[in-house]
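Engineer: For reference, the chains in residue letters:
Number of protein chains: 2
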Amino acid sequence: MPRIPVGGKAFTTLGLLVYLSQSNPLTACFCISIVAALWTWHIIPLVKDMFIKAGLSGKDMNKPSHPVLAESMGIIAATIYMVTTILFIPIQFQQWMTSTPNDDQHSTPISWSHTFPYNKMGQYLSALLSLQSMIFLGFADDVLNLRWRFKLVLPTIASIPLLTVYYVSHGVTFVMVPFQFRDFLGQSLDLGVIYYVYMGMMAVFCTNSINILAGINGVEVGQSLVIGISVAIYNLMRVNSDNPDTAYCHLFSLYLILPFIAVSAALFHWNRFPAKVFVGDTYCYFAGMTFAVVGILGHFSKTLLLLFIPQILNFIYSCPQLFRLVPCPRHRLPSVVKFTSSKKTDEYDKDDKKPNKNVVELMEPSRTRLADATHIGLVIIKTMDRLGLVSVKRNNNGDLIDCSNLTLLNLFLVRFGPMTERRLAWYVISFQIFGSVCAFFIRHNLATLFYEDIYK
Amino acid sequence: MPRIPVGGKAFTTLGLLVYLSQSNPLTACFCISIVAALWTWHIIPLVKDMFIKAGLSGKDMNKPSHPVLAESMGIIAATIYMVTTILFIPIQFQQWMTSTPNDDQHSTPISWSHTFPYNKMGQYLSALLSLQSMIFLGFADDVLNLRWRFKLVLPTIASIPLLTVYYVSHGVTFVMVPFQFRDFLGQSLDLGVIYYVYMGMMAVFCTNSINILAGINGVEVGQSLVIGISVAIYNLMRVNSDNPDTAYCHLFSLYLILPFIAVSAALFHWNRFPAKVFVGDTYCYFAGMTFAVVGILGHFSKTLLLLFIPQILNFIYSCPQLFRLVPCPRHRLPSVVKFTSSKKTDEYDKDDKKPNKNVVELMEPSRTRLADATHIGLVIIKTMDRLGLVSVKRNNNGDLIDCSNLTLLNLFLVRFGPMTERRLAWYVISFQIFGSVCAFFIRHNLATLFYEDIYK
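So the protein sequences, as listed, match chains A and B. For the first sequence, this note's numbering gives the first residue as 1, with consecutive numbering after it. For the second sequence, this note's numbering gives the first residue as 1, with consecutive numbering after it.
Since the hints were made in silico from the structure, they are not lab data. What you were told as hints is all true, and nothing was included just to trick you.
Across the chosen pairs, the derived CB separations fall in these ranges:
| # | chain 1 | residue 1 | chain 2 | residue 2 | range |
| --- | --- | --- | --- | --- | --- |
| 1 | A | G186 | B | I52 | 55 to 61 Å |
| 2 | B | L14 | A | V47 | 36 to 42 Å |
| 3 | B | L14 | A | A10 | 41 to 47 Å |
| 4 | B | L387 | A | V153 | 56 to 62 Å |
| 5 | A | R182 | B | L236 | 53 to 59 Å |
| 6 | B | Y198 | A | A10 | 17 to 23 Å |
| 7 | A | Q95 | B | V18 | 38 to 44 Å |
Once the Cα atoms are required to be at most 16 Å apart in a straight line, the calculated EDC-like pairs of lysine to aspartate or glutamate come out as:
| # | chain 1 | residue 1 | chain 2 | residue 2 |
| --- | --- | --- | --- | --- |
| 8 | A | K382 | A | D399 |
| 9 | B | K276 | B | D60 |
| 10 | B | K53 | A | D141 |
| 11 | A | K53 | B | D141 |
| 12 | B | K120 | B | D245 |
| 13 | B | K63 | B | E364 |
Each residue gets a CB set at the ideal place from its N, CA and C atoms; glycine is no exception.
Make the full structure from the sequences, and use the hints.
Structural biologist: In structure tokens form, the structure reads like this:
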């Protein structure tokens, strides 16, 4: 890339924005998303030393040399995302600002006050405010290392603007009832305040589920990218709906998800194996909140949950440890083990130079001791062992000594044997893609068993 | 205060909010501001160790023992401010949500969609978004120690939401022309894009001017409190205006400034001499942006500038150093000098125990050497010396060797002699109060020479 000073790039971007403000908002959104990706990609290597100097750094323990990398780099992606989405406000609403349907000749600022969709702008602003709050709280968490219980409280606080504006915009709080129950419950059921609790919990769920399936290079951003792209595909399928409200919901979601995909892709470039930077909790919060916001305001939160199948499975699989039926160590990440191979293996990563070419570093499941496990815990582990879902070690009497920790990452290693960090990350991302394919299948084929065909 | 668990306090607060949602919005705003102050006052001592542990700390160099204090504590005040203002959204708009003017009996959520002031909500949300952006950027500055030029760029970025929403809400961009020029310019002048540049500069000015007049215990928060209270008084004087637009502008400003005064007062309690915590750049950015937002959206930015008289004088007084006509050292804070007093002095602070009661620590102006000063710089310093605005030292030939640094804090010490840090802070705050009194005098008495009587 030729050396253009940052100021020059900023002006080019500004010029592009002015030019794009004349075009179709969705096209413009696509273009400025690409610009946002380029900025993210460009800025991260420039600022990472500043982060390390400020103490925002961590050791990459899965590499032989334990390199020190900048942490919380998700904040750069998130900040550029915020600037992009804010600059997009006038582009999004320009069609209502330049003319009125009645009087095209004499359009003055006053003349569009009757047709301007202030409620839509309010929704968009509340989405940005919630996202901004979450990013800020995520960064505070990275800096201050807040206690674990805050991780549940913070997304709830950050979703207050969203819920408040949803409320004052007389948001819909009813859900469609499946055919089978309509005789008892009617066609739709007004959940009232429960719906707000549900939305608040969406935010908590989305942020934490991404935060839990994490720990190796590129896996947080990778899974978020897959979910983001799946959301965009789903929106694109429905954005031409005959129902203008439905169409707008999905257009709205696209406006928020396209820049997200862009900045995440750029961040993924620096965070994938071998990672140059870490993304921090900030990114997990940012990604989770973006999904919660588009799901809630786009009115497709149930479909969104389908895209979280791998995270839900990870949660269910973790339950015996989360509920302390089986001891749960603080860190459950797979561990790195050196394997001496008789021949040179292509598994071994080229970027990671080592004197002895015959030694490969592979990941193995980490383990937890079962001495303090409850009786129910042991029964669950034995059942899982029979199903091949956990690897156990027994003593000479056949009693269980320890088992692999119950996370999806460890499960992959149990099923497919030791592998490099790079390959493990790709397994997770592939599984996420598989999950999205399943989600689309369920949404398209199974949903009609309970509801009208929404695509007609 | 009796020991109530935090959860209990949170629920009490929530109950109060629900209760207040039924009352007049301004009364409710006043009440939740008091709750916000209590929370700020309560939380700061609880979290300060967490900040020190995270490396957000600084030494208080003006104290004999150089105690280490938590930095950036403005973030707590700012976060509580944000939560308060967000929770205030439904209270502020409840009058439009419960009934419609036409049909009081059958009010449903759908019925108020025609009368609900979505544009007002948009303005309020954009104000919060700009404030949130500024707080976030300020905190990032505290953590990452951004370079000086960022201090000019960050407020501009943070004001983007405000300007964008001002634009899409077809904001007014004309100014009233004084009587004397109306023959040439007409009654009002549309400044167009210049008005947006002016608003962006307001944000830069407000944030930086508070940041510059800083450095001794309590002075940042103290001056902001005075400006905040002055703004509130001005708003209260005009909130009953016959013009409903004017009245709403000032009501809007009150909704934002009352919680600000509340959290600032609580922060001042911990930051005043002898400081228990530092407020950080975060607070200066937060305070400055709050003023810029209420000035811009409340349409009284010119009056607001009058409240910044001490900051403007400080800037003008600093100009010879800022423009490098006179050498400008990196730190220009007054220095602490030990004075041995023959008698016990009541100037000496009781909280700061020292073995020798006869030694007092007083502040003296810090000095800059004039060897590298430009010719114009020397002329300015000589003139100032004659006016008694600077203290200079000369060698035996009468040539200037050095002079006191050109800041308001040093000027007070030059004029009134060495004094304790506590007294110096009160001098600055008193000067700020004096400035506000002058501002009100100018606004009420001199403005009618150029404009119609706005109070009629």
